[in-house]
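Protein chains: 2
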Amino acid sequence: MSQRVRISLDAMGGDHGPSTVVPGAGLARERHPETTFLMFGDEAVLTPLVAAEPRLKGAVEIRHTTVAVAMDEKPSQAVRAGRGKSSMWKAIQAVRDGEADAAVSAGNTGALMAMSKICLKTMSHIERPAIACLWPTVRGESVVLDVGATIGTDANHLVDMAVMGAAMARIVFDLDRPTVGLLNVGTEEMKGNEAVKEAARMLREADLPGLAYHGFVEGTDLGRGTVDVVVTEGFTGNIALKTAEGTAKQIAAYLKGAMGRTLMAKIGYLFARGAFRALREKMNPSRANGGVFLGLEGIVIKSHGAADAEGFASAIDIAHDMARHDLMRTIRERLDATPAQASA
Amino acid sequence: MSQRVRISLDAMGGDHGPSTVVPGAGLARERHPETTFLMFGDEAVLTPLVAAEPRLKGAVEIRHTTVAVAMDEKPSQAVRAGRGKSSMWKAIQAVRDGEADAAVSAGNTGALMAMSKICLKTMSHIERPAIACLWPTVRGESVVLDVGATIGTDANHLVDMAVMGAAMARIVFDLDRPTVGLLNVGTEEMKGNEAVKEAARMLREADLPGLAYHGFVEGTDLGRGTVDVVVTEGFTGNIALKTAEGTAKQIAAYLKGAMGRTLMAKIGYLFARGAFRALREKMNPSRANGGVFLGLEGIVIKSHGAADAEGFASAIDIAHDMARHDLMRTIRERLDATPAQASA
Numbered sequence: 001m002s003q004r005v006r007i008s009l010d011a012m013g014g015d016h017g018p019s020t021v022v023p024g025a026g027l028a029r030e031r032h033p034e035t036t037f038l039m040f041g042d043e044a045v046l047t048p049l050v051a052a053e054p055r056l057k058g059a060v061e062i063r064h065t066t067v068a069v070a071m072d073e074k075p076s077q078a079v080r081a082g083r084g085k086s087s088m089w090k091a092i093q094a095v096r097d098g099e100a101d102a103a104v105s106a107g108n109t110g111a112l113m114a115m116s117k118i119c120l121k122t123m124s125h126i127e128r129p130a131i132a133c134l135w136p137t138v139r140g141e142s143v144v145l146d147v148g149a150t151i152g153t154d155a156n157h158l159v160d161m162a163v164m165g166a167a168m169a170r171i172v173f174d175l176d177r178p179t180v181g182l183l184n185v186g187t188e189e190m191k192g193n194e195a196v197k198e199a200a201r202m203l204r205e206a207d208l209p210g211l212a213y214h215g216f217v218e219g220t221d222l223g224r225g226t227v228d229v230v231v232t233e234g235f236t237g238n239i240a241l242k243t244a245e246g247t248a249k250q251i252a253a254y255l256k257g258a259m260g261r262t263l264m265a266k267i268g269y270l271f272a273r274g275a276f277r278a279l280r281e282k283m284n285p286s287r288a289n290g291g292v293f294l295g296l297e298g299i300v301i302k303s304h305g306a307a308d309a310e311g312f313a314s315a316i317d318i319a320h321d322m323a324r325h326d327l328m329r330t331i332r333e334r335l336d337a338t339p340a341q342a343s344a
Numbered sequence: 001m002s003q004r005v006r007i008s009l010d011a012m013g014g015d016h017g018p019s020t021v022v023p024g025a026g027l028a029r030e031r032h033p034e035t036t037f038l039m040f041g042d043e044a045v046l047t048p049l050v051a052a053e054p055r056l057k058g059a060v061e062i063r064h065t066t067v068a069v070a071m072d073e074k075p076s077q078a079v080r081a082g083r084g085k086s087s088m089w090k091a092i093q094a095v096r097d098g099e100a101d102a103a104v105s106a107g108n109t110g111a112l113m114a115m116s117k118i119c120l121k122t123m124s125h126i127e128r129p130a131i132a133c134l135w136p137t138v139r140g141e142s143v144v145l146d147v148g149a150t151i152g153t154d155a156n157h158l159v160d161m162a163v164m165g166a167a168m169a170r171i172v173f174d175l176d177r178p179t180v181g182l183l184n185v186g187t188e189e190m191k192g193n194e195a196v197k198e199a200a201r202m203l204r205e206a207d208l209p210g211l212a213y214h215g216f217v218e219g220t221d222l223g224r225g226t227v228d229v230v231v232t233e234g235f236t237g238n239i240a241l242k243t244a245e246g247t248a249k250q251i252a253a254y255l256k257g258a259m260g261r262t263l264m265a266k267i268g269y270l271f272a273r274g275a276f277r278a279l280r281e282k283m284n285p286s287r288a289n290g291g292v293f294l295g296l297e298g299i300v301i302k303s304h305g306a307a308d309a310e311g312f313a314s315a316i317d318i319a320h321d322m323a324r325h326d327l328m329r330t331i332r333e334r335l336d337a338t339p340a341q342a343s344a
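Top line first, the protein sequences correspond to chains A and B.
Note that the first sequence covers residues 1 to 344 in UniProt numbering.
Note that the second sequence covers residues 1 to 344 in UniProt numbering.
A portion of the hints provided could be inaccurate.
No copy labels: a pair is met if it fits in one copy or bridges any two.
Unchecked claim - Heads up, simulated DSSO-like pairs for lysine-lysine below, C-alpha to C-alpha not over 27 Å straight-line:
| # | residue 1 | residue 2 |
| --- | --- | --- |
| 1 | Lys74 | Lys191 |
| 2 | Lys256 | Lys266 |
| 3 | Lys282 | Lys256 |
| 4 | Lys121 | Lys191 |
| 5 | Lys249 | Lys266 |
Quick caveat, the hints were computed from the structure, so don't treat them as lab data.
From a predicted model like this one, the values you see are computed outputs, not experimental measurements.
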């Protein structure tokens with residue numbers, strides 16, 4: 001409880017900027033009173049918002065910045081215009097300089113990843129970072145990566161992701177040896193592309209201390225929670241994540257339609273209101289908001305651009321947990337225990 | 001109504017074999033009385049089942065076979081053991097020999113595709129076939145391909161799939177120029193791998209008469225029904241399809257849990273029973289069952305191995321529609337109208 005956790009925030013990021021970031025920080029601090037914040041952004045906007053948030057009293061230092069990265073800016077352009085001076089860059093730099101234990105931004109994902117790579121650098125032996133998310137399942141949650149950091153993969157990258165994802169799962173789920181599956185089009189050994197087949201062979205043979213390799217899993221296993229960690233290439237992972245989000249919205253629309261169609265259904269809805277509220281809460285994507293950048297020399301969390309204050313608070317919660325339980329050290333230990341032949 | 005549609009059935013395929021195939025054929029024939037069936041399988045099993053199904057009276061010819069492809073057989077092994085004699089091969093061969101207008105099997109997908117390629121051959125200019133499915137959306141349905149015929153792709157293959165998927169959409173949705181989107185990790189031009197970027201350029205420049213190219217779509221657009229046809233590579237398409245199935249099951253489990261938790265919710269459920277039934281019907285995967293093999297010199301439909309009689313009947317319905325409206329001719333016309341530079 002007494003261990004302070006310092007989080008730097010890109011207060012100008014996301015569709016709503018400071019009006020979401022500041023109350024989000026307030027909500028998160030209510031749950032973790034030992035947190036303090038470094039907020040980067042427009043001082044004139046931030047000062048009254050922070051003053052109006054009693055839960056943030058004495059916990060915020062505002063640092064004025066004049067450049068904000070736009071949501072639709074090309075990463076290369078964002079780096080050119082924002083390097084060294086944008087609220088996004090400054091939030092990441094605070095982690096590099098040891099002023100913060102983790103950075104959170106709801107800004108442009110491509111720009112955030114590009115700046116994180118330049119400012120923090122990738123960990124030694126890791127060629128490419130990944131973005132991991134918490135995926136809600138019928139059993140609870142799983143870590144799923146990569147949901148969109150890089151396009152294309154090879155076996156070494158998949159093995160690295162298995163190790164890093166397991167390190168994150170160790171912290172989030174408090175498991176010593178999380179189960180790891182490789183996402184594929186079938187569970188038989190002969191299925192899939194060369195990268196997953198080779199990664200499967202490497203993980204089986206390496207028998208790493210930090211993870212229990214389960215085998216191939218399919219798309220249906222994601223919601224089922226078959227394994228603690230699901231590893232896949234970024235193109236497929238991003239499409240799987242957005243397909244699940246879209247399906248959840250689609251079913252919510254069906255349900256809404258069905259419940260309003262007849263008088264009987266409407267009466268039923270009134271009786272079951274509480275149950276529907278619980279269901280909505282379960283299906284609320286902001287509960288699992290927060291993509292964790294893995295493979296960098298520092299902790300950076302991406303909040304969904306459209307997230308509300310509750311969603312942004314969830315991203316801060318994840319940053320808090322990762323910093324508090326020293327994600328960086330856990331990953332380094334796991335990578336050190338990985339034999340060279342199983343990790344390039 | 002008077003145009004006869006002849007469908008060959010692999011009566012031994014699927015998890016349940018003849019006990020699902022025969023009543024499934026009965027259900028389908030009720031809807032399309034002009035259909036006749038060639039059933040390949042164990043005569044001793046099929047004869048009493050067909051006799052017990054009044055809706056099939058005078059519409060079935062049974063052809064005895066002694067070899068059945070197992071659900072877990074490797075495709076190469078299935079071809080070796082079943083070529084020329086298995087119920088699966090014979091059903092496909094009936095299409096090749098002009099005895100049937102389309103074949104339906106609930107058997108092993110890999111074996112069915114391998115046998116179809118050998119027996120029917122791919123269409124000229126098409127290097128690799130694809131599997132298309134009907135994806136339920138909030139607006140109705142979309143054609144999505146490839147959901148697992150081949151792993152890996154290039155721009156030419158994506159363009160071919162756009163043309164073939166549009167031909168299928170023309171028949172299913174009765175649209176002259178269906179909209180087509182390429183599945184990607186974002187909608188901006190710079191996003192994605194080389195294959196989708198190049199295919200996008202080709203489709204934009206070719207401006208084909210048979211389809212209206214919409215641009216990139218994301219995973220969330222699948223359930224939203226943003227376009228009539230969604231084109232993607234087989235690995236990603238298969239994972240997206242199974243992820244959506246898994247998410248639907250997961251939400252059904254949440255809903256069931258929520259409705260049974262309190263007395264109020266249980267009472268609400270009683271009132272809203274009809275609405276829940278309608279919802280279950282909408283979420284029932286057997287309604288959209290039936291993967292269409294595209295790019296072969298003949299129509300082959302894959303039913304889900306675990307489908308019940310209603311699901312198998314849906315696959316027959318699709319076979320019926322594809323045969324009745326001459327899918328083969330529509331695809332050939334569309335491919336002929338595709339300039340050489342846009343299709344290898």
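Here's how the hints hold up against the structure:
1. Proximity of lysine 74 and lysine 191 under a CA criterion of 27 Å is satisfied inter-copy only: 10 Å between copies versus 37 Å inside one chain copy.
2. When the C-alpha separation of lysine 256 and lysine 266 is checked against a cutoff of 27 Å, the pair qualifies both within a copy, at 10 Å, and between copies, at 18 Å.
3. For the identical chains of this complex, lysine 282 and lysine 256 are neighbours both inside a copy (16 Å) and across copies (13 Å), given an alpha-carbon limit of 27 Å.
4. In this homomeric assembly, lysine 121 and lysine 191 come within 27 Å of each other (Cα to Cα) only across copies, at 23 Å, whereas the closest approach inside a single copy is 35 Å.
5. With identical chains, the CA atoms of lysine 249 and lysine 266 are at most 27 Å apart both within one copy (21 Å) and between copies (24 Å).
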